[in-house]
Each structure stands twice: as structure tokens, then as C-alpha cells.
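All chains, please: the whole structure from these sequences, using the hints.
Number of protein chains: 4
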Amino acid sequence: MENVKISDDIIKRMENDRFIKYCGVKLDEIKPGYARASLEVQDIHLNGVNIIQGGVLFTLADFTFAAAANSRGKVAVAIESSISFIKGISSGKIIAEAQELSCKKTLARYDVRISTDNGELIAVYHGTAFRKD
Amino acid sequence: MENVKISDDIIKRMENDRFIKYCGVKLDEIKPGYARASLEVQDIHLNGVNIIQGGVLFTLADFTFAAAANSRGKVAVAIESSISFIKGISSGKIIAEAQELSCKKTLARYDVRISTDNGELIAVYHGTAFRKD
Amino acid sequence: MENVKISDDIIKRMENDRFIKYCGVKLDEIKPGYARASLEVQDIHLNGVNIIQGGVLFTLADFTFAAAANSRGKVAVAIESSISFIKGISSGKIIAEAQELSCKKTLARYDVRISTDNGELIAVYHGTAFRKD
Amino acid sequence: MENVKISDDIIKRMENDRFIKYCGVKLDEIKPGYARASLEVQDIHLNGVNIIQGGVLFTLADFTFAAAANSRGKVAVAIESSISFIKGISSGKIIAEAQELSCKKTLARYDVRISTDNGELIAVYHGTAFRKD
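Chains as they are written, first to last, in numbering that gives the first Met the number 0: chain A, 0 to 132; chain B, 0 to 132; chain C, 0 to 132; chain D, 0 to 132.
Hints are not guaranteed to be accurate.
As the list claims (entries may be wrong) - In silico EDC-like links for lysine to aspartate or glutamate, alpha-carbon gap of 16 angstroms or less:
(1) D/K20 <-> C/E99
(2) A/K103 <-> D/D132
(3) C/K20 <-> D/D42
(4) C/K30 <-> C/E99
(5) D/K104 <-> B/D42
(6) B/K20 <-> A/D42
(7) D/K103 <-> A/E119
(8) A/K20 <-> B/D42
(9) B/K104 <-> D/D42
(10) A/K92 <-> A/E119
(11) B/K11 <-> B/D27
(12) B/K30 <-> B/D132
(13) B/K103 <-> C/D42
Claimed, not checked - Cβ pair distances, simulated, as ranges:
(14) D/K20 <-> B/D116: 35 to 41 angstroms
(15) D/G91 <-> A/T105: 23 to 29 angstroms
(16) B/L120 <-> A/S6: 48 to 54 angstroms
To be clear, the hints were calculated from the coordinates, so they are not data collected in a lab.
From a predicted model like this one, the values you see are computed outputs, not experimental measurements.
Cβ coordinates follow ideal geometry from the N, Cα and C atoms, glycine included.
This is the structure:
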């Protein structure tokens, strides 16, 4: 994992996320205002019609968002998120990238895009973070 | 689990959701236009600051929504979802209830509320389902 | 307009909303945690395919939400809103009702439902307000 | 207004939007998968605390989204939209740009960003369109 000017505290906080570990999500990069994470889709990630469960896609996007939001130093928590499911897949590697739209004193906004290995868009996520003092 | 006029196919489809099983979510009730599911919060559900991960709450809400949306017979898939995180918790039982707002030929809408055992609201979810022919 | 324990300041602030006046929206009731507003659909409210413009429905819902959010005393501003369009109409009276989901120190959440005169649901809205000190 | 490969029918449909005309929104450009519109903020657009009403921002974003979604030929209607309010302003020109995220047989997704004349982001919008046959 590459890290530019990200404190050890933040890295530890992200690595201490037990649900993320349990789901198999990997944080691949974090820098100020940006994060990237990925997941290899396995059988445990599928729903009853054998496509990736919406909760898995949300978890991946939400964690990537949280990494980007926490990259700014203050502890940031999600208060509001929305996700659009564009394409259902059943296997392969998926990658989430979070981009910062705005970061103010109390609120920050990020867009996350989840794509397959070969760049096909499968979901988009928008999240609002509350930044604690 | 109580079931009123819900076909075995739908129950099987919901029970075949491997991510739901992996997360420990239980479907408690399904009837036309309604579903209820629950989860006992465990250590694997916590994030890096020791509160329940947003992805866990989303997964619980999304599954409850999917159960309610599929209760109408046609296969229904989520196309759009939003969630508001109201209160962070670290332990105990949480319950999600999905209520139908509308169910038309192609689109159906549901609200889901997640509460603690003693009725405190912790998250609200809104989902739109696409109903396949 | 009925008002229970709502200060004159808040009523004035709502009545001073020029866009609301321009659109023909009427505030019908405001009480702590609740508001109701209405609109008679006219030709100026229609879009290019002769149904009510989404912006009109949003404006009605958002104002009803703002009235309910401001009913608690503090100045409250919308930070995040979502709307689902359920049914398109071209005439008649529409009514929006805002219900409080939660109201905490800094954030408050409200659901708004827009219905026709005879109770048919045409849109649902969810809003998050930031409460200023 | 520049138009590339956009049929007269679509232009007429967008220009026939009476609420857009009433609000003073101008369509500045439309091409396949993209649209741009703008508005000069006037007194009628302000709310009770003298900042631009959320409904005005939504109307501008939603119309820009609709222009982009209809640029693909089929009649497209909004089914689900969300908006984040980033900065409140009281005057000046604002510009909305819609970018296509995906356009499939029945559903299409667009992001809209609203900025001031000098590029400051004031709101972001995400919309899902249903494409009729």
C-alpha cells in the first residue's frame, strides 16, 4: 500500500476494521482526498440468484469512502450514502476508487466508482461524511 | 419464520443468499409487501472505531428490502438505494423492517427501518427494485 | 395555518421564501417535528411531456421538510436529499407531509410523502438537515 | 445552443418545459450523453434566509440530467434523484453539467455538478432515468 502523508493512526484505524477483513476487502492506496480498495469475488459474496450481493458492493464502496474521508486527519463518519447498481457480476476482481468532491470544516463529500479489472463500471456510490473535532 | 402466501421458490432464493448467511443475518418474517430480518452484533461486524460497520447495516437493510420486493412473485433486483446512519452501536440485537411504498409493473419502492431491540432507530434505508418479467 | 408552539420568527422565515411564493406552494400546517404544504398544479408546473416537473415536486417536498426541520427552533438547512418519482400527474391538488425520523444536536432526518387529493402516492422524499447553533 | 446529432423532437420537448422557462433556466448545450444548462440567480430564487432555494438547484440539475438522458433518442424520465448541497450562494450565474455514467436498454445514470461562474462547486446531483420504448 502506498501512503503519502497519511498518519499511522489512520492506517491503523482502517486496518482495525474487522468487517472489512471478514469480507476480504483490501485497501490498496490512500492519500489526501483519495483512496482505492479491491476485492476478489468469491462464493461467500453471492446472493440467492448467484450475483454479487448489494451489501458487498456497498461495503467495498463505503470503506473506500471512509479511507478517503479519514485521510484528511479528523475522524470522519458516514452520515448519508447512496448507491446505484449498474451491472451484476459473479466472479473476478473489483476495484473501488473514491474521489473527493468537497471537504469543509464539518462535512465532506466523496464519489466512489466500482469497476471490474478491465474497467467496466458496476456501481457508483455517493457519501457524505461528518468530520469530528 | 412465518410465511403467508409466499412461494417456496422465493424462500429458497432468499435462503440461498450466501453473503447473508456469512454475515449472520436471519430472515424472521416475509409476507406480501413486507419483510423483517435481524442480526446479533458480534466483533466481526465492527469497524476500526468499534462501532457497527455501515456495510453491515446496509446489508441487513438491503436484504430485508429484497425479501419484501421478491414477496410479490416476480424476481426483483435493487437498482438504487440510500441509507441514513442515525446512531452508532457496538453490540446487541438489531431488527430491520421493510414496508412497501409502491409496487407497479416494473418498479417497486420500499422503506426499511433498523432499530435496536428496545425500539431505538439506528438507520433508515430507501430502495428501488426493478421487477423482471 | 395552524401553529402549535411555533415561534413567529420561524413562520416569518418560511413565509419569506420567495421561490416558494413564486411556485404557488402553500404552508398549511407546522408543529414540532411536522409540517404539511400543498400546491394546485397549473400549466407553469408542467414539463415538456405535460406532466408535473420533477423540480416542482422536489421544491414542494423540500420546503415541507424545511418547515418541519425548522420547527425545532434552531435554523436548519438541507445538506442531502433524495426523491423517488412514483406517479406522474398533470393537474389537481397535491399535498406534502413531513414526518420526523430523528432530531439530534446537529443532524435531523425527515421523510416527506407527496400525495394527490384522494391519497394516491406520487413521490417520496428523504432529507437530512444540519442544525446551526 | 450547440447541438450535435440531436433531433428536433428532443429540442422541442426540452424547450416545451414550462417550469424551466418560468424559473429562468437556459439550456446551453446538448449532445449525446451530455448537457449543460445555466441560471442567473435572482430575488425570486431565494429562500427565507436569502440563499438560493434548494428547489432551484434541484430544478436546474434535474433539467440538465433530463436533457442528457433524452439526448439518446428514447423518451427518458427521472425515477430517482439525490442531491448534496455543498455551498449556499445568493447571486451570480450558476452552471450545471450532466455527464453520463451508463446508458443501458431501460436504465441510464447521470451525475450533474452545479458550479458558479468561477468554478466553485455548489451542489452535486445523481439521477437515474427510465428509458421508454
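Tested hints:
Among the hinted pairs, D/K20 with C/E99 is inconsistent with the structure: their alpha-carbon atoms are about 34 angstroms apart, more than 16 angstroms. Note on A/K103 and D/D132: the hinted pairing is violated, with a Cα-Cα distance of about 44 angstroms set against a maximum of 16 angstroms. For the proposed pair C/K20 and D/D42, the alpha carbon gap of about 12 angstroms is at most 16 angstroms, so the pair holds. Only pairs whose Cα atoms come within 16 angstroms are accepted, and C/K30 paired with C/E99 is accepted, the gap being roughly 11 angstroms.
Taken as a hint, the D/K104 and B/D42 pair is broken in the structure, with Cα atoms around 43 angstroms apart against an allowance of 16 angstroms. With a C-alpha separation of about 12 angstroms, the suggested pairing of B/K20 with A/D42 holds against the 16 angstroms cut-off. For the given pair, D/K103 sits about 13 angstroms from A/E119 by alpha-carbon distance, which is consistent with the 16 angstroms threshold. Taken as a hint, the A/K20 and B/D42 pair is honoured in the structure, with Cα atoms around 12 angstroms apart against an allowance of 16 angstroms.
Straight-line distance between C-alpha atoms of B/K104 and D/D42 comes to about 43 angstroms, which puts the hinted pair past the 16 angstroms bound. Only pairs whose Cα atoms come within 16 angstroms are accepted, and A/K92 paired with A/E119 is accepted, the gap being roughly 11 angstroms. The straight-line distance between the Cα atoms of B/K11 and B/D27 is roughly 14 angstroms, inside the 16 angstroms bound, and the hint therefore holds. For a cut-off of 16 angstroms, the pair hint linking B/K30 to B/D132 is broken: about 21 angstroms separates their Cα positions.
Distance check on the hinted pair: B/K103 and C/D42 sit about 27 angstroms apart at the alpha-carbon level, beyond 16 angstroms; violated. The supplied range of 35 to 41 angstroms is broken by D/K20 and B/D116, whose beta-carbon atoms lie about 54 angstroms from each other. In this structure the supplied range 23 to 29 angstroms holds for D/G91 paired with A/T105, their Cβ-Cβ distance being about 24 angstroms. Between B/L120 and A/S6 the Cβ separation comes to about 34 angstroms, which falls outside the hinted range of 48 to 54 angstroms.
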